[in-house]
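**Q** Each chain is listed here by its residues.
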Amino acid sequence: MASVEYRGMNLVIPENDSEWREHFKLARTNHRLMLRSCKACGLMRYPPSHGCPWCMSLEWEWKAVSGGGHIYSYEVVHHAIQPGFKEWTPYAVVLVELDEQRGRPTPDEALRVIANLVTPDFRPEPEQNVAIGKRVRVVLQDLSADFALPQFTLTDEPPEGRVWRFPD
Amino acid sequence: MASLKDKYCIVGVGETEYSRQSARSTRAMAVEAVRHAMLDAGLGSDGVDGMMSYQSGDSVFANWVAPDLGMRLNFYMDVFGGGSSTEALVGLAMGAIEAGMCHTVAIFRSMNGYSDFRIGGTGARAAQPVRGLDLAQVPFGMRSAGQNFAPTFMRHMYEYGTTSEQVAHVRVAHSKHASQNPKAFLKDRVTVAEVLASRWICKPLHLLDCCLETDNATALIVTSAERARDLRRKPVYVMGVAGRVNKPRTDFHWAHGPITRVAGYHAKDIVFDQAGITPDDVNVTGSYDAFTFTTMLQLEEFGFCPKGEGGRYVSSGIIELGGKRPNNTSGSHLCEGYTHGISMVIENVRQLRGQVDDYCPGWADGKHSYDYSPGKCRQVKDARITMNLGWAMPPTGSALIMRN
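Respectively, the protein sequence lines represent chains U and V. Under numbering that gives the first Met the number 0, the first sequence has 125 at position 126, and the numbering climbs by one with no breaks. Under numbering that gives the first Met the number 0, the second sequence has 60 at position 61, and the numbering climbs by one with no breaks.
Chain V on its own, in the form it takes in the complex (with noise of 0.2 Å):
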């Protein structure tokens, strides 16, 4: 099959204000958000012919956001997700314009995801019934993410001696990356200490080893190279994509170990071969941090260290601003503001441009500081090509590799 490396762009992104209180609809959110991507990308109503987005039941669909901004689609589509599904719908999106369904897609996920359907189980969500596959978990007292995910942490612990102070420095790089994001819900740094001083949630996490959930929406937009070239900044190339890869046994995939196994290790090998680059070329990485060792879980699945090593390697400085290779620079999940996986995929596009909008006042033209010190800058010098780590479950992950 024919490569589409280097043959799709991100022309676009844009999103809401984080916060706890939208006080408006997922639609207002939506709209506003991929108005923010368009006029970012420098595209018109007539500009954008393509619509996705993914959500849990929670929000808006693509034709009730499209009217809204003046936009007759040639092609719309939601799909029920949520991490991991960022990564997947790029791909998507680039095989609609490959179809030629479409030229131009926005894609967005919209939430109140603190105010109305609280992501982590309570609100209006808790009510529910419990049927289905929920009878294997739910009624045992494990609905929430971290309760659905902490037995897989605690098994690596077992087997290879991971301790909460190693993922611990997930959290202190994150709050750091933070500390130089206007945009961040937590712009406080953290030390390993507080993290591991903070109540336990559901043990081996502590409070803050889970992320925030917030009301936010975000978007980013994809065409053609051809067409990008025309647009208003510089275009940020796809060379790989790995959309919702699983494991085997995804209905109850306890049933199939290793359990401390994610779906990157299925996932790499897709998105590294379309790539055709190793992780030693990746100068950033966005991975999905729902909580602290969701982070170093994947890391070392998509083989930025061995595997076992995850601990050592996240607690070594090299995922943090000035380190090796920098993991979730705007703060992300943890410190930011909770998007279902997209706005780490926003952040590589701003550093991939060189314009990370951070404390440095000529950001917006490129011009930073590499002063990693509060309240400075957060651009990663000559970031040349990033990675994205999508999650969803233990089970189910995503990727996706850009360059400038």
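Just chain U, with the same shape it has in the complex (with noise of 0.2 Å):
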């Protein structure tokens, strides 16, 4: 069983938990986000899961994705829940979608991703800079030989339409 303790949460993955039990392992040997590409129709599915969402195929591979995207909605937490996060305060959840795959197989559709928007060096970004529309990139953030957490963080390219936060 994977075990690694992050701020204070002890982030579990039994050797049975077919879905996660590669998948921040890849983070951490490839430096790349990776995810769950369907042999049959070639769609590509975050969270990993044992299904196609699409075609009910059981088949896939890993597969590598650029890590750009663009924030699509966030938070800002001031008051966390999480005794680990308490010194982080006020840190940004961003919901990233990601540059593949977008509006794909309908146009609603797309690969988003939880992660927090940090620094290079993996601080919270002050929550001035955190706006819809901005670009992101991943960053893996390692935690032990075996486990990297993918996180975002911003970068100088041109936003995706329009940018809004939330008024000051």
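In case anyone wonders, no lab produced these hints; they're calculated from the structure. All of these numbers come straight from a predicted model, not from anything done at the bench. No false leads were slipped in.
Covered, in the sense of this in silico footprint (three residues per stretch, anywhere, with C-beta under 8 Å from a C-beta of chain U), are these stretches of chain V: (1) 131–141; (2) 256–269.
Heads up, incomplete: computed chain V residues facing chain U, CB under 8 Å, no partners named: (3) Q146; (4) P150; (5) M153; (6) Y157; (7) W199; (8) R248; (9) D250; (10) F251; (11) W253.
Every residue, glycine too, gets a C-beta built ideally from N, C-alpha and C.
Hints in hand, dock the two standalone chains.
**A** Printed below as a string of structure tokens:
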């Protein structure tokens, strides 16, 4: 059973967790964000799942994505629930829409990932820099020899559509 | 399939005190709430032969509650779930009776939601290891309901221009209603300015955008229309029910947009078709106010206003007592107490009886002043049809339409 301590949390992946047991390990060894891709229809999905949400196939393989995307929505946590996050407040949780597979297979679908918006040294990005539409790229935070947590950091690329943040 | 419209009734409702220090077991509270509902219906130990509950690993089971009330059950079932369970269980109780498994079902939710398993995610719940699907969100400091739902509201603001000020009116309305409710944990009326000045919890949610955490048990009783005729109270009839309707990709609903669409979008056709009515026919709504904006989103998705106009709808005065279609007349989860949805159904049953337990001296006899100034009446005049909008998460919801 893989187990890693992070911010006071015990992240546990038993050997029989066939959804997650490779996800964070592959992120660590490849230092890329790897997603499951259906061998039958070719569509990727996240989080890792056994069956394909679109064609029911149980055949899949891991594929690396570019790690680029934009902030689709977000929140800023001021009152942390988990004790290990109290020193991080206020911190941003972002919903990132990845560049691959946008609007597929139907217009409202996309590969979206939850993570924190962090500085390159894995501190929370200041709240005034967080906005819907801003471009981001994945950064892998190593937590152990076989576990990396995918996080996102801002890039200087032009934004995706209208940039909007919650008014001060 | 044959319609069950008007064939089943809710005949009894009851609850314990809403507190933050029950100092007793979920079993003791469940026994008290179910007993109150049985007495309300005029039913004894042999009058109820089915029992259902819902919980999250934080409560007693039905077969531990029944013996304390001298009951022998022909059917019981405890399901895993929180919000949106009540409406679903009413439908399942109707099905169990229809199948001949039993004749009368008590449904309860009992929780020490403040003093033990805090609904906000702290306390006993916080110490649990993070595993399975939780790995997609919890490692990023996204654990509580507010943290899980906030990006949905943020995107609604982005897409439709909805504001904090608009949804603050939900808190204002529900606090007004709670000021007429002797049972309510918070009875003080608040203003929009007070909501906006309260501290940030998880932007865009202020403290007063968030519901309470309380200790309490709540119960209701379902039976057939034939049996209901002989009971103590005027029956309240089920016109339509939809239970735990999903959006696609409930494992990770962010994957299937629009993320501002919630399950009510899919539930509404089921429940309105059964009832044979439209939103315009509904006199009172009971939305799931885990947060101010969840009420806004549900009213919008169930068709009480056009998509995107929920902010304008909830800030128009319509949802307040005295408005065209009051919402959550008890003060509900924002102000009365937190019950995972069942208390909003109980309130609507009382509204349809014309016997809301407000400060009118003659409420028990259905005598109300309809004076909605502080500390007075909360009965809606001529309430004929109510609708409950159940919510578990953005992608899971339920609905229940009742009439008198």
